[in-house]
Amino acid sequence: MEQKYVVGTGDAIITLEVTVGTVGSAYCNVSLFKGAVSSGVIAESLPPDGSIPEEPLGTANEVGGGCVIIRTLINFGHLPVEVREMAVERIVAEYHFEGGVMGPQSFAFNPETDLVVTPNYTIASITSKIELI
Amino acid sequence: MKRGLLFLCTGVLIHLCCLGQEPDTIGLEDLDIPISPGFILFDQSPTVVARPNTTRAFTLSMLNSFAGTNGFPDNYGIEVTPFWFFRHRNMTALRYAGLHKGRLRPFSPAKMATVSVAFINTTLEGSGVPVNNVVFGGRATLLKIYPRNYKEKLVNANLVTYHDLKGLAETLIREGATDSLLVCCPEAYNEVVLRVSTLYSEKEDVAPLKAVLKTRPVLAIDGAVAGSIMFVDNDFSSHQPGRTGAWLTLSFAQGLNKQNTNYFNMYAVGRYLSERSVRDATGNFRVVAHYDLGGRMELEFNNFSLGYEYIYRVSDGKNNTFRSTGMLRYHLAENIYLTGAFGKNFGASNNLVSLLGINWGLSTGNEKAVIE
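Protein chains in written order, with the numbering used here: chain D, 68 to 200; chain B, 215 to 586.
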């Protein structure tokens, strides 16, 4: 199911905060895709974890009609093989938006469509797309 | 005895099969099968001094002595680590390793506490009447103190992993997993991600943190509690509280080589036990308390370890006694250990420890035991 955040129109600043909770080592970045053009990375996590503190994406007029793409890569290679699958199942990845018409709103990743895991459960990749309308 | 030999041969065969496997998968430390607190409570293990050394979610262990059981395991233990069954919103790799807000937290290992249940068969002292014991236990590492440079190694290893993942993200874009592909064809996007990240995951040095996490603490303190319900002579109505106990284990490890594969380990243990195994003149069970104090010295070389253990027991209402055993352990194959112990157990009679057996462990991260 597509996830949508209503930003409306105007000069209100839309912000995004990403929370990644996992026992794996993580990296996360955010890009904005609008009018068939990607902005490239506009925000990324800083060591030592994969979370991104609240970050402005732009005004509602600037980002409306586009979509935010959040990529998270997690390395579970340091865990015993037996617990990696369980660690993947326990990943927390939450995206918290503010500044839109509906006020603050949080989204979670969809494991069915967003999650790709290597056969040895060493690397998990989560790519979530949230439309800004 | 024949069946016992069959188990041993099976173990050796599995071991030989495993020789052809990729070296990547699991290290010896990862495979170490914990001895359930129930086994320790009833002295039904090669060693009384055992540390919680597993990070598994679920472990089924069977301690099998070749003698007297026709080769079939007669003691079973199930151990669960609740940590793995919950989501942790604020968890990070470093926090999992015990480093939080820039500081090493010595009490952090307590989060990996385990709970267990074990089924142990014993006999009533002096009468030989069979007793079935159901033992509930819990244990945790309460404190770990690492070498001085451990924190720096953790931070650096995690930083290297972070930059590697950032590089992987850039590689994914270069290989075609772009924003436009995600928007138009999410399945094709996921195929690229899977292909590239699978290749990346097969790198030999994919997880620098793994080597650091194998560092043994210089000093560790472990705590355990266990209590049992006993059923006498296979009669359910006879159930009553059996043996209960609590113990602390202090361990010290000194590395003997740079590869961190050989160690000299020293352990000290203090234990309190209370049990009802002796009937008084009226036929009722009498409660007897024991206080154990002792330790173990152990040399560990790759997949082989050799140790000596001495425990002195001060008993309430009984003569003081001791346990003195030598033990060895050899890692046969994944989750299978050959364990042996020989020496004197507690008590004045029927006190020979002569154990050669296989410690089996079935463990998985997904609540079910799978043998492949």
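Think of the hints as simulated: they come from the structure by calculation, not from any bench.
Careful: at least some of the hints might be erroneous.
Pairs of lysine-lysine, DSS-like flavour, derived with a Cα cap of 27 Å [stated by the list, open to error]:
1) K472(B) x K196(D)
2) K472(B) x K558(B)
3) K101(D) x K380(B)
4) K71(D) x K196(D)
5) K196(D) x K101(D)
6) K325(B) x K428(B)
Going down the list of hints, with the structure as the test:
1. Distance hint between K472(B) and K196(D) is unfulfilled; the C-alpha atoms sit about 47 Å from each other, more than 27 Å.
2. For the hint linking K472(B) to K558(B), the alpha-carbon distance of about 36 Å lies beyond 27 Å, and the restraint is violated.
3. Between K101(D) and K380(B), the direct Cα distance comes to roughly 23 Å. Compliance with the 27 Å bound is thereby established for this hinted pair.
4. For the hint pairing K71(D) with K196(D), the CA-to-CA distance comes to about 9 Å; that is within 27 Å, so the pair holds.
5. Proximity of K196(D) to K101(D) is assessed by CA-CA distance (about 12 Å); at most 27 Å being required, the pair is judged to hold.
6. A hinted pair counts as satisfied when its Cα atoms are at most 27 Å apart, and K325(B) with K428(B) qualifies at roughly 18 Å.
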